[in-house]
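Chains as they are written, first to last, in the numbering used here: chain U, 1 to 311; chain A, 1 to 587; chain R, 1 to 286.
One or more hints might be untrue.
[What the hints assert, rightly or not] The list that follows gives simulated cross-link-like pairs (lysine-lysine, BS3-like), each with its CA atoms no further than 27 Å apart:
1. Lys408(A) with Lys312(A)
2. Lys581(A) with Lys158(U)
3. Lys50(R) with Lys416(A)
4. Lys41(U) with Lys312(A)
5. Lys586(A) with Lys41(U)
6. Lys173(R) with Lys366(A)
7. Lys41(U) with Lys504(A)
8. Lys70(U) with Lys504(A)
9. Lys586(A) with Lys158(U)
10. Lys404(A) with Lys50(R)
It should be emphasised that the hints constitute simulated quantities derived from the structure, not laboratory data.
As the structure is a prediction and not an experimental result, all values here were calculated from the model.
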Amino acid sequence: MTTYIIRRLLYMIPVIFGVSFIIFVLFNVVAGDPAPLLLGKHATAQQIHDLREQLGLNKPLFAQYMDVVKSAFTFDFGRSWATRQDIIEMIRQGAWPSLTLTIPAFAISTVLSILLSLVVAFYRGKGIDLTIRFLCIAGQSISSVAYILFFQYFFAYKLGWFEISGYEPEFPMFLSYVALPGIIWIVLSLGPDVRFFRTVILDEIYQDYVRTARAKGLGEITVLLKHVLRNAMIPIITYVVIQIPFLILGALLLESFFSIPGLGGITLNALNSSDFPVIKAMAVLSSIAYILFSLLTDVLYTLADPRVKLK
Amino acid sequence: MSTRLISLVFAFMIAAVGCSREQNFDEKVLNLITPQKIKGFDPIYAADLYASNEIGKVYEGLLEFHYLKRPYELTPNLAESMPEVSADGLTYTFKVKKGVMFQDSKAFPNGKGRELKADDFIYSIRRMADPKLQSTGWWLLDGKIAGLNEWRDKNANAEKVNYDEAVEGLKKIDDYTFQFKLTKPFPQFLYALAMPFTFAVAKEVVEHHGQEFQNYPVGTGPFKLEYFDNSNRIVYHRNPTFREKFYPSEGEATDEAAGLLADAGKKLPLVDKVIVNIVVESQPQWLNFQKGSADLLGVPKDNFDQAIVGGKNLHPDMAKKGIRLSMVNALDTTYVAFNHTDPLFKDNIKLRQAMSLAYDHVESNKLFYNNTATIAQSIIPPGISGHKKEYKNPYIGRNLEMAKKLLKEAGYPDGKGLPELNYETVGSTVSRQQGEFFAKNMADIGIKIRISTNTWPELVKKTNTKTAQMFGIAWGADYPDAENFFGLLFGPNESPGSNSSNYKNPTFDKIFAQASIMQDGPERTALYEQLYEMAGNEVPWIYGMHRTSVTVYQGWVKNYKYIEFNHTQVQYLNADLEAKKELLKKF
Amino acid sequence: MSAQDTKSLWADAFSRLVRDRWALISLVIVIIYAGIAVLATVGWGLPDWKTSQASEYLPPSSQFWLGTDLFGRDVFAKVIHGTKIAMSVGLVTSLIAIPIGVFIGAIAGYFGGWIDDIISWFITTFSSIPNIMLLISITLIMGKGLVSVYLALGITGWVGLARLIRGEVMKHKEREYVHAASAIGGGHFRKLFIHILPNVTHLVIINTSLQFQTAIKSEVILSYLGLGVQGEPSWGTMIDDARQELARGVWWQLAGATFAMFLVVLAFNLLGDALRDSLDPKLKGK
Chain U
1 MTTYIIRRLL
11 YMIPVIFGVS
21 FIIFVLFNVV
31 AGDPAPLLLG
41 KHATAQQIHD
51 LREQLGLNKP
61 LFAQYMDVVK
71 SAFTFDFGRS
81 WATRQDIIEM
91 IRQGAWPSLT
101 LTIPAFAIST
111 VLSILLSLVV
121 AFYRGKGIDL
131 TIRFLCIAGQ
141 SISSVAYILF
151 FQYFFAYKLG
161 WFEISGYEPE
171 FPMFLSYVAL
181 PGIIWIVLSL
191 GPDVRFFRTV
201 ILDEIYQDYV
211 RTARAKGLGE
221 ITVLLKHVLR
231 NAMIPIITYV
241 VIQIPFLILG
251 ALLLESFFSI
261 PGLGGITLNA
271 LNSSDFPVIK
281 AMAVLSSIAY
291 ILFSLLTDVL
301 YTLADPRVKL
311 K
Chain A
1 MSTRLISLVF
11 AFMIAAVGCS
21 REQNFDEKVL
31 NLITPQKIKG
41 FDPIYAADLY
51 ASNEIGKVYE
61 GLLEFHYLKR
71 PYELTPNLAE
81 SMPEVSADGL
91 TYTFKVKKGV
101 MFQDSKAFPN
111 GKGRELKADD
121 FIYSIRRMAD
131 PKLQSTGWWL
141 LDGKIAGLNE
151 WRDKNANAEK
161 VNYDEAVEGL
171 KKIDDYTFQF
181 KLTKPFPQFL
191 YALAMPFTFA
201 VAKEVVEHHG
211 QEFQNYPVGT
221 GPFKLEYFDN
231 SNRIVYHRNP
241 TFREKFYPSE
251 GEATDEAAGL
261 LADAGKKLPL
271 VDKVIVNIVV
281 ESQPQWLNFQ
291 KGSADLLGVP
301 KDNFDQAIVG
311 GKNLHPDMAK
321 KGIRLSMVNA
331 LDTTYVAFNH
341 TDPLFKDNIK
351 LRQAMSLAYD
361 HVESNKLFYN
371 NTATIAQSII
381 PPGISGHKKE
391 YKNPYIGRNL
401 EMAKKLLKEA
411 GYPDGKGLPE
421 LNYETVGSTV
431 SRQQGEFFAK
441 NMADIGIKIR
451 ISTNTWPELV
461 KKTNTKTAQM
471 FGIAWGADYP
481 DAENFFGLLF
491 GPNESPGSNS
501 SNYKNPTFDK
511 IFAQASIMQD
521 GPERTALYEQ
531 LYEMAGNEVP
541 WIYGMHRTSV
551 TVYQGWVKNY
561 KYIEFNHTQV
571 QYLNADLEAK
581 KELLKKF
Chain R
1 MSAQDTKSLW
11 ADAFSRLVRD
21 RWALISLVIV
31 IIYAGIAVLA
41 TVGWGLPDWK
51 TSQASEYLPP
61 SSQFWLGTDL
71 FGRDVFAKVI
81 HGTKIAMSVG
91 LVTSLIAIPI
101 GVFIGAIAGY
111 FGGWIDDIIS
121 WFITTFSSIP
131 NIMLLISITL
141 IMGKGLVSVY
151 LALGITGWVG
161 LARLIRGEVM
171 KHKEREYVHA
181 ASAIGGGHFR
191 KLFIHILPNV
201 THLVIINTSL
211 QFQTAIKSEV
221 ILSYLGLGVQ
231 GEPSWGTMID
241 DARQELARGV
251 WWQLAGATFA
261 MFLVVLAFNL
271 LGDALRDSLD
281 PKLKGK
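Looking at chain U on its own, in the form it has when it is part of the complex (with noise of 0.2 Å):
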């Protein structure tokens, strides 16, 4: 399993010349000149030619491509163009915002779908099930603007239930703030969730095991809970785990319009002003935290079932 490990992690190599070439090819190649967006309006061409030598754009591509694999390996992104702050600072700042509004919403959505999956299971057909499914499914069928703009008004500004929009670090403060923007990912998560999971849960209930469990006499919640739920666990944990390196990148929509100054708002920020070292650092984290997570899959698969073995 050492070696296993040790040859997924290597694999990250690849995988980050990769994601640093699609970027680099994206974004330094094609998009827009950041030179003339961060002087102003009055750049002459003259300052436009000097920045441009200062942030290296007038290097060839290969070495300027080089210098992004360099970056992505040593960790060293150096500055934002746009802000002109420090990029692992600024990411570090982001993250525990975008953090407390994704992982209570994520680890909320998940258990409450994993629970009403095997409601549905266990009444599978009938009336519940299909109420259940109903409405899952159709509170996933808005679209997360809608919610957003309906919920701000609706309940923050004409009940006065939660906060309209802003932030504090602090626990248990910022609770107030991302109580609505986690309802509205709750709202959203449950229809694919709970449709996936009960899948999962259907596909196992009829297996030969569960019969002869049920054949056993065992009561049909003992047979859910002990047979079924442990042996759905590998495609449920597979589903989870992959979703974690994108709670990093936050919620683009929920954080801009309630104000939660996470990772989100600052792609998003990258993205708008051609701001190439912040879009190329969420990039190449967000590839090594996919890797990451994808490995740790792989690792609690052959903790959920001992017959897979990793080679």
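Based on these hints, arrange chains A and R on the given structure of chain U.
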């Protein structure tokens, strides 16, 4: 099983609701909103409006625009008095106020702020020219101060920029006196000294913090930074070592009646604490204001009809809460630019005139500005000398017949033979709607328009490389002088300079070159007015509107008066806590 | 598995699908939407959305069922015409994403070895970049407009399906019927496309219905980012307009577009579920 979970969710929600922030009535606090992430506090990068508003709370300059007087008038701020100007208009001698202290900072010995001296200005202005720093305000001084360009060029490739070497045009006379020497007359120079770019920073602080300087502002200004998260919130409190600066006791004739002189002679700043929240989306901005948790809201220029009924009055629901409305002409011009490198427009003035006549200004004013904007006749907004009231542009005011006639004369009867034109704009909702409106108007005379929306960097790239065929954009004054607008049509400023429509007209250029170096006076005004008419008749752009700045503010906010260059405004504002207690009951 | 068996499997699935009342209703809804979209494309018989018929922001009335917008245009007519963009976005992105996903996934799963290594590397690289960056960069390259929206959503939509197909094909290629096909001398492409792929078609169908609704919803996000469709009514731009409108009490544009979208997305979701239930061999007969 799931009921337990649901009750858990509810517990989470209730906990969340329980700990909202309460209003504080012990000290005077202003709650403000800014719609953009704040980049940082380094004055030399104060090109964007929102950063310069924050910089102006902590830092100060030699001059400022008088808070109450209109038309805008410069008054001394850190300068003892207005400068002595030599007869040739090239030497400006400034005396700096004595006893002005920098705010306390660990960058100073013992953490105590030291006195501001003439050297600090010389240093701060040289930072603008520092080739390694690439200040966004360099255009203000480029080629204008004796020896400064030479110093910049000499240090461009140096390992370390040498600040010890003297620059001829920045001369210290004594600790409190220094001289600017210009290379040529530059009458707009004094405006530059009221802009945040030239505000005084202390060398020790810059060197102490290095690249992090922008996050640790230490100025001489009315407020001291307490907390800064550039994408969430900025908190200031009153600077305890702020000098004796007082609320003005005279202003415009109407100011007395408007209650703007009630605090005359009081020591500034008038509030104890300022909280600036960064709220990007317009819905939460608006809801926060309506809820009373924001004191002041600049309603986005393209988007203010939310607040106003009938173009003039505040919505009655808001008036009931004591909310007040300020509507003042802003010094700006919106326009749709033609790219004059495109042969289609370059020599075909009739096509440009036809399109201008097809545009429905009246309807546009109604749809997008609720009839509050002034239809632009030419490039200069009212309130700046050079704007000629009597001038009526013959190509503005919808006249489809005449437009069709001109289009025919231009060689494209009913639009035949004219390719589809590309209209570039930024991707915001309102810009998109304005593009749709433009396309609709042009369709009426048979011209087909394709709208392309862009992110701001893309649009800048397209205009800089002269590849945008037409684009909808606006220009706001950097300072109240027509030169700042006419420069947009001055040939030598073509892209990537500020003349992004690449308009070239030798007569215009000649008069501009002459007028731009003249001191203010009737002769210059006459030349400016000549340029104004020329810029109107030639239709280099389809002029749009001079917009109105709309601000709504709560009944407890005192001394609010719209000021175009508003980075010094907050120190003059006051909050009436008694009124706030009363008014909040109505929310 | 012979062709005969496959056919009866489909017939069986179809009859089960029709028996499911909700699935049938969903199917009818989707067909109606598609019909409206076709009418809007041809320009027949639908209310006019282009001209300003009244003053701006009139609330819903008997004349304007969903009120008017900023330009005094009929919001109901805009909602109807928006169907065209929504359905075409769903259709075209599926037509782009599904073949790419199937092809790449099938090749990787079938051949394995270094081909699989390269494709897996590409899939991993591609899926580890946040989608938003890819979406925005594609519109940067292609310029704005409908074509970019199609491409952006199509090019980012194939990854999940490719991964799924790869896994399935891997399983199938070890099955007996494939070995049998090799025994009678079937080439690689014959085995892959004639024998294996028909057995994973159900995945493709389920995925298409999901891809469809994801694309419709994503169009709203793109419009919010200013990358949406220009010059034609779309639900995305209508919802984007509502950002400025809701705070002043203009709710009808948001409500109209949201409801129209809700109905069709819901239908696709229910249809997808029903398709899965009736097509998934594992769930067959249960």
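**Request:** Quick one: which hint numbers does this structure break? Sort them smallest to largest.
**Result:** Hints 1, 4, 5, 6, 8 contradicted; others consistent.
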